[in-house]
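Engineer: One-letter residues, chain by chain:
There are 2 protein chains.
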Amino acid sequence: MMLVNGVAQTHIDVTDRGFQYGDGLFETITVHNGKAVFLTQHIARLTAACQRLHIPCPNLDLLHTEIRQLCQHVEQAVLKIIITRGSGGRGYRQPDDIQPTRVLSLHPFPTYPDNYATQGITARFCDTRLGLNPTLAGMKHLNRLEQVLARAEWNDDSIQEGIMLDINDCVIEGTMSNLFYCKNDQLYTATLTQSGIAGIIRALIISHETVIEHTYNKADLLAADELFVCNSVIGIWGIKQLANHAFAVGNKTKYLQHWLTQQATHNA
Amino acid sequence: MMLVNGVAQTHIDVTDRGFQYGDGLFETITVHNGKAVFLTQHIARLTAACQRLHIPCPNLDLLHTEIRQLCQHVEQAVLKIIITRGSGGRGYRQPDDIQPTRVLSLHPFPTYPDNYATQGITARFCDTRLGLNPTLAGMKHLNRLEQVLARAEWNDDSIQEGIMLDINDCVIEGTMSNLFYCKNDQLYTATLTQSGIAGIIRALIISHETVIEHTYNKADLLAADELFVCNSVIGIWGIKQLANHAFAVGNKTKYLQHWLTQQATHNA
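Line order of the protein sequences matches chains A and B.
With this note's numbering, you'll find the first sequence wraps up at 268, consecutive numbering, no jumps.
With this note's numbering, you'll find the second sequence wraps up at 536, consecutive numbering, no jumps.
Extracted from the complex, chain A is given alone in its bound form (with noise of 0.2 Å):
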């Protein structure tokens, strides 16, 4: 099922600067019961994006409007929201006149194991790094090959997530999910100025508990007690696995999946 600015159809213009130029944002949300999970935090940071990049927000009434249409009846599933720029002529300049793209999209459920939850996940190192630009860092925009490309890194379905460090070998996050890591009862994550997405569990997360931002490597991240990563769909798992380092998922890492799934109920 898929709306294209209101209307049923599963195509748009070759002339949407979205696929000439990755030119717009995106956002990736649960639907549950028929709700769309932390939807007011999803629209808050979609909004925020449109201004950052200067697109015209759409009306936010309407894009309500079209959530429920879609989402209604639906048990579980994901909501993808594009918003482009819209259509262009070819070159860079927008149009004086910008009439930006609205594409809503569900997608099946991924059926994850239930111990990727309960026992853990393996994850690797990528070799791909995270570019510095601190105009788009933090934004979850439409440009990213550099996802793409340290995703396509491995085929192997037993490891499940990538971790990705930047040009100067810092830590940052996973190839689609933020990255938390607990030593001695402190919760530590990457400050994302410079690169990464900033997620909207991550935000949650940040928001309920104390949790130090900061800049660190690989050897902080190989000597912490936990591991987690986050984002909208997969909630939080564990790390039992990373290059060889084994890990338990601990006290901190099961309390903020108990208390995750407490915020998602009220927040759907």
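Read the hints as simulated data drawn from the structure, not as lab findings.
Glycine included, each C-beta is placed from N, C-alpha and C at the ideal position.
There could be a bad hint or two in this list.
According to the in silico footprint, chain A covers these stretches of chain B (three or more CB under 8 Å from chain A) [unchecked claim]: (1) 283-293; (2) 408-422; (3) 433-445.
Pair ranges (Cβ atoms, derived) [unchecked claim]: (4) B:E481 - A:T47: 39 to 45 Å; (5) A:G34 - B:Q319: 44 to 50 Å; (6) A:V211 - B:D329: 54 to 60 Å.
Just a sample of chain A residues kept apart from chain B, beta carbon distances all over 12 Å, derived [claimed, not checked]: (7) Q41; (8) D114; (9) D185; (10) Q186; (11) A198; (12) N217; (13) A219; (14) H266.
Given the coordinates of chain A, work out where chain B should sit on it, guided by the hints.
Structural biologist: For chain B alone, coordinates are given in the frame of chain A:
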């Protein structure tokens, strides 16, 4: 006129990874008297970018046939070729069987006043900085938000190009062009190992003249004797004014313009 995988149509699937992630690359080529100018060089760059992005290169015979089909009987136009990783599921992971999308489109040749070439253009420095990303540097890939944001900084038609610096204050290139300067008869241009797009005209100049590729800053640029920008559509334009500094369109620029016109005639 537009061909999508050989079919005359003006739309692509929303699921195309070019739209979802900017997962692809492009070429912008001048068409003159029915021929694509510097086509050998453009196809070589396209092939190299496909290899770097691990996108299967389109069949080159087919591509050449489609280019001829589009360009025959066309006096003057711009041909844009886009290659993407094709359609894939939600998520960065690429499909096991990649079926690339190829889009060929013809656009009106922009009408620039003759004095841009003869008298030089006015340029400005952009505030938007280029990020550092060795994995992607040099390629004409579809992740072009940096250029879009830089080009959106001005709307004054008396300014023809914006010069971009990277986050380390090094001068790199124009929003749509490469940048050279001449000092004491020696040509210089920026190293493009961390950011920027390695243009076809840039490569032709480097193959013809001794050019020092190096890292340089605003002061170096403003102390130059001559400045010029180049790309496949504009050719070479001298810069007569940049940030309140006036420059002459000097002999080196004029010589290269003359030489490039000859080369273009022989390579079309």
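Engineer: Compare the structure with each hint and give your call.
Structural biologist: Consistency of the hints with the structure:
{"no.": "1", "hint": "283-293", "verdict": "holds (count 9)"}
{"no.": "2", "hint": "408-422", "verdict": "holds (count 12)"}
{"no.": "3", "hint": "433-445", "verdict": "holds (count 3)"}
{"no.": "4", "hint": "B:E481 - A:T47: 39 to 45 Å", "verdict": "42 Å, holds"}
{"no.": "5", "hint": "A:G34 - B:Q319: 44 to 50 Å", "verdict": "46 Å, holds"}
{"no.": "6", "hint": "A:V211 - B:D329: 54 to 60 Å", "verdict": "56 Å, holds"}
{"no.": "7", "hint": "Q41", "verdict": "20 Å, holds"}
{"no.": "8", "hint": "D114", "verdict": "20 Å, holds"}
{"no.": "9", "hint": "D185", "verdict": "33 Å, holds"}
{"no.": "10", "hint": "Q186", "verdict": "31 Å, holds"}
{"no.": "11", "hint": "A198", "verdict": "16 Å, holds"}
{"no.": "12", "hint": "N217", "verdict": "18 Å, holds"}
{"no.": "13", "hint": "A219", "verdict": "23 Å, holds"}
{"no.": "14", "hint": "H266", "verdict": "26 Å, holds"}
Taken one by one, the earlier hints all hold for this structure without exception.
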